[in-house]
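Colleague: The lines below spell out each chain.
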Amino acid sequence: MRKSFGSFVRKETLHILRDGRTMMIVLLMPVVQMILFGFAISNEVNNIDVGVVVPHPTESVRQAIERISSNPYFTFKGYLSADRIDQALRQGEVDAVVVFADDYDRQMDAFSRGEGGEKAIQIVIDASDTNTASAGAVYLKSVLLEGHAGVVSPETHLLYNPQMKSAYSFVPGIMGMIFMLICAIMTSVSIVREKETGTMEVLLVSPVRPLWIVSAKMIPYFTLSCLNLLSILLLARFVLEVPMSGNLISIVGVSMLYLILALAFGLFISTVAQRQATALLISAMLLLFPIIMLSGMAFPVENMPGILQVVSCVVPTRWYIDAVRKLMIEGLPFVAVLKEFFILVGMTLMLLTVALRKFNDKLE
Amino acid sequence: MSNDPIISVRELSKCFGDFIAVDRISFDVARGEIFGFLGANGAGKTTAMRMLCGLSYPSSGSGTVAGFDVMREGERIKRRIGYMSQRFSLYDDLTVMENIRLYAGIYGLTRRQMLRRAVTVLDRLQFRSEADTLVGGLPLGWKQKLAFSVAMLHQPEVVFLDEPTGGVDPVTRRQFWELIYEAVADGTTVFITTHYMDEAEYCSRVSIMVDGQIRALGVPADLKRQFAVQTMDEVFRTLARGAKRSE
Chain A
1 MRKSFGSFVR
11 KETLHILRDG
21 RTMMIVLLMP
31 VVQMILFGFA
41 ISNEVNNIDV
51 GVVVPHPTES
61 VRQAIERISS
71 NPYFTFKGYL
81 SADRIDQALR
91 QGEVDAVVVF
101 ADDYDRQMDA
111 FSRGEGGEKA
121 IQIVIDASDT
131 NTASAGAVYL
141 KSVLLEGHAG
151 VVSPETHLLY
161 NPQMKSAYSF
171 VPGIMGMIFM
181 LICAIMTSVS
191 IVREKETGTM
201 EVLLVSPVRP
211 LWIVSAKMIP
221 YFTLSCLNLL
231 SILLLARFVL
241 EVPMSGNLIS
251 IVGVSMLYLI
261 LALAFGLFIS
271 TVAQRQATAL
281 LISAMLLLFP
291 IIMLSGMAFP
301 VENMPGILQV
311 VSCVVPTRWY
321 IDAVRKLMIE
331 GLPFVAVLKE
341 FFILVGMTLM
351 LLTVALRKFN
361 DKLE
Chain B
1 MSNDPIISVR
11 ELSKCFGDFI
21 AVDRISFDVA
31 RGEIFGFLGA
41 NGAGKTTAMR
51 MLCGLSYPSS
61 GSGTVAGFDV
71 MREGERIKRR
81 IGYMSQRFSL
91 YDDLTVMENI
101 RLYAGIYGLT
111 RRQMLRRAVT
121 VLDRLQFRSE
131 ADTLVGGLPL
141 GWKQKLAFSV
151 AMLHQPEVVF
161 LDEPTGGVDP
171 VTRRQFWELI
181 YEAVADGTTV
191 FITTHYMDEA
201 EYCSRVSIMV
211 DGQIRALGVP
221 ADLKRQFAVQ
231 TMDEVFRTLA
241 RGAKRSE
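First to last, the sequence lines map onto chains A and B. The numbering of the first sequence is this note's numbering, which starts it at 1 and goes up by one. The numbering of the second sequence is this note's numbering, which starts it at 1 and goes up by one.
Bound-form chain A, shown alone:
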């Protein structure tokens, strides 16, 4: 039996190796995603070109401009006349324009005393990218009003991710998605492909137990995912400079558990689907969509309406991402993720039982 199992693993490995393009995608996808999410898609305020309109230069105006030009997140682009604002924004010379009022000094005095002064500064910003615009406007305002915070100014400390680097929070999300994609989708498609081409029938007539057939399929995909885990962790540590303060063994352990869960999911899908296209469709509807929307990867679970928060509890990725966040970014010990760990163990056992039972039924 061990011998035939070996020849199966060998065959599955050959399938993957022969399909070079797919393998490249599988190995490069996490790398590309890490780089995309880590650098390109950032919600940080960065490199905002600012122009100013100064009808009446005074010392305090000069100080305000100084604060903008010395700030690393803004690039001071020079002075504009009021009638050129629109043109400068349209031509992309600047992203934002700060218009100082004629009576800026008097307005600011009033503001400091808490008696109006709302018209001291006008900020005109290119909002074609709404996220950057609103973040930029808020930040610009706080820079300009520095020292004038006579009104309520809560002091906020950002813990764990003080620079608010988006890369940090995306890493666990990417891991949650990639592993589900590779293990669940690829295994289910590869099992269903054999049903479609008819080779599965020949395998079922052979003395090899069906369970061995699917287990042999899972091993190469499990190995591939482990390679991806390695590349993601290396990238996170050395390129995105995620501190990885948590226990590395716990991160790897929880990830392995999640991989097994994803494989069980793939097996389950393959028992339901008869065609590769169906398997892909089910995967997308049942996995990809809920994972992105409900796992907390893109939108925080806490902000969802109550009913969606309940639904998100059955999305395994949510628990995995929570656990990895705690371990990787907050640097908590394994004890802190025991709840998530046991929920994942429970889900894995349940999925495996259902998938195996369904798989055995199907053979009749």
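You may find that some hints are simply not true.
Said to hold, decoys possible - Per label pair, the in silico range of CB-to-CB distance:
#1 M23(A) to G218(B): 19 to 25 Å
#2 M23(A) to Q230(B): 56 to 62 Å
#3 L349(A) to R241(B): 56 to 62 Å
#4 L28(A) to S60(B): 54 to 60 Å
What the hints assert, rightly or not - Here are the computed lysine to aspartate or glutamate pairs in the DMTMM-like style, where the Cα-Cα straight-line distance is at most 25 Å:
#5 K244(B) to D23(B)
#6 K3(A) to E75(B)
#7 K143(B) to E196(A)
#8 K195(A) to E178(B)
#9 K195(A) to D28(B)
#10 K358(A) to D23(B)
#11 K195(A) to D92(B)
#12 K195(A) to E163(B)
Treat the hints as calculated values from the structure; they're not laboratory data. Even for Gly, the Cβ is constructed at its ideal location relative to N, Cα and C.
Fit chain B to the known structure of chain A by using the hints.
Modeller: Frame of chain A, contents of chain B only:
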């Protein structure tokens, strides 16, 4: 080699809900025979064959294949039979040799047995130069001959062929049948379904299924005499005309 029939079936039935796919069929196949299992599409051939291969449990009745009970000993049957389906059963993205090695592994052949039989197979098919070619690049006829040889790799007592020559040109079909005759000469029993009535003439005995039941069973020459016609094609059409089920 004993004189017991290698396949023996009594009142075998298979129901899917209310639908009776196979309706109390009974027949024996002797060792060394080429048994033609004919019937129109939907007559129940494939379902019956699946029960004999241990892929599907009979609803009622009994049967033995290679001395083992189809109800209880499906796993032991699987070790003693070969199977080739109408759909192509090898892996396109593996080479000829890798396919042979895979099936040799599945049936637990030793490395030495595998190499010896691989050489025999490749020589017989004059495939030696193609050993490292991907199967996907071979012409259909070659693939089917290779699939048959791979199904015979572990020297099964009986080989089940489900429409093995579908879509293959006449010359290759002829060559395919030569392979079947060689297998029979080596002592293998062949159980074959086909749509080509000229192939039915090559069989030692044939059965014809209509609506889940076996309506005719015997040596082709006897059947032609019984129905007073010249060809198996006419025998088949006479019987199939009465079919209630189609496609």
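Colleague: Next step is simple, just say for each hint if it's right about the structure.
Modeller: Hints, verified against the model:
1. In this structure the supplied range 19 to 25 Å is violated for M23(A) paired with G218(B), their Cβ-Cβ distance being about 56 Å.
2. A C-beta distance of roughly 59 Å is found between M23(A) and Q230(B), which places it inside the suggested range of 56 to 62 Å.
3. Taking the beta carbon of each, L349(A) and R241(B) are about 57 Å apart, inside 56 to 62 Å as hinted.
4. Separation of L28(A) from S60(B) is about 56 Å and conforms to the stated range, judged on CB atoms against 54 to 60 Å.
5. A distance of roughly 14 Å separates the Cα atoms of K244(B) and D23(B); the hinted pair therefore holds under the 25 Å criterion.
6. A hinted pair counts as satisfied when its Cα atoms are at most 25 Å apart, and K3(A) with E75(B) qualifies at roughly 17 Å.
7. Simply put, K143(B) and E196(A) have alpha-carbon atoms about 18 Å apart, close enough for the 25 Å limit, and the pair holds.
8. Our distance criterion of 25 Å between C-alpha atoms is broken by K195(A) and E178(B), whose separation comes to about 30 Å.
9. A distance of roughly 31 Å separates the Cα atoms of K195(A) and D28(B); the hinted pair therefore is violated under the 25 Å criterion.
10. Distance check on the hinted pair: K358(A) and D23(B) sit about 28 Å apart at the alpha-carbon level, beyond 25 Å; violated.
11. Between K195(A) and D92(B) the CA atoms are separated by roughly 14 Å; this keeps the pair inside 25 Å, and the hint holds.
12. Annotation: proposed proximity of K195(A) to E163(B) holds, straight-line Cα distance about 18 Å (limit 25 Å).
Of the numbered hints stated above, those contradicted by the structure are hints 1, 8, 9 and 10, listed in ascending order.
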